[in-house]
Amino acid sequence: QQQVKQSPQSLIVQKGGISIINCAYENTAFDYFPWYQQFPGKGPALLIAIRPDVSEKKEGRFTISFNKSAKQFSLHIMDSQPGDSATYFCAAGVYSNYKLTFGKGTLLTVNP
Amino acid sequence: ETGVTQSPTHLIKTRGQQVTLRCSSQSGHNTVSWYQQALGQGPQFIFQYYREEENGRGNFPPRFSGLQFPNYSSELNVNALELDDSALYLCASSLYGAETQYFGPGTRLLVL
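Those sequence lines, one after another, are chains A and B. Sequential numbering of the first sequence, starting at 1, is according to the numbering used here. Sequential numbering of the second sequence, starting at 113, is according to the numbering used here.
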């Protein structure tokens, strides 16, 4: 059973554009929602994370929007750059046990 | 500060064999989690170790086992390897009570 559904599977954006990746979850016990960035041959690196007590969190060009009633959250990358080309994973966890459930990933390509 | 390191980087085994993967946690971190990432998929939680004991397990059979040592480093052991065990195995360390997990670069296992 896939508890975190991520879309799209792949995304091509022009330099300077906005990249948007969406995730939906089923388990209402989830209370921690991180996004990870993974480059080829590397492990995932934490990008930004949000708790359900806020609807939006922004760090630099990266913003998470969170809709608790719809059980959805999304990552927005503003002014996308070729260096942002990577695979992005959303994840969800329960704060008390730290097990993360990941989405299947989105391959982002930013064309120069 | 030293990040999470894993060894070996690559490994080739044949079906039925046993394998041991190693992880050194980031300095100061006392919790280690292991994940399996199949090609084109998100990481899947295998188990977590804290205070040298298993502190949560995902949907993996008992032939996946682990150890944590007093210096917080960890091993993942897989017995009776199957072809479907071919994947990138990721180790993540964290401080118990903190949300953020820091991933190592992974060990890529190929089972022939």
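None of these hints come from the bench; they were simulated from the model. Where is the CB? At the ideal position from N, CA and C, for every residue including glycine. You may find that some hints are simply not true.
What follows is a set of in silico ranges between Cβ atoms, one per label pair, in the way DEER data are often shown [said to hold, decoys possible]:
#1 A:ASP79 <-> B:GLY128: 22 to 28 Å
#2 B:ASN183 <-> A:GLN14: 29 to 35 Å
#3 A:GLY83 <-> B:ASN183: 32 to 38 Å
#4 A:GLY83 <-> B:LEU179: 35 to 41 Å
Do the hints match the structure? See the list:
1. For the pair A:ASP79 and B:GLY128, the beta carbons lie near 52 Å from each other, so the given range of 22 to 28 Å is not met.
2. A hinted range of 29 to 35 Å for the beta carbons of B:ASN183 and A:GLN14 is inconsistent with their spacing of about 48 Å.
3. Remark: the range hint 32 to 38 Å for A:GLY83 to B:ASN183 is upheld by a beta-carbon distance near 36 Å.
4. The hinted window of 35 to 41 Å between A:GLY83 and B:LEU179 holds, with their beta carbons roughly 38 Å apart.
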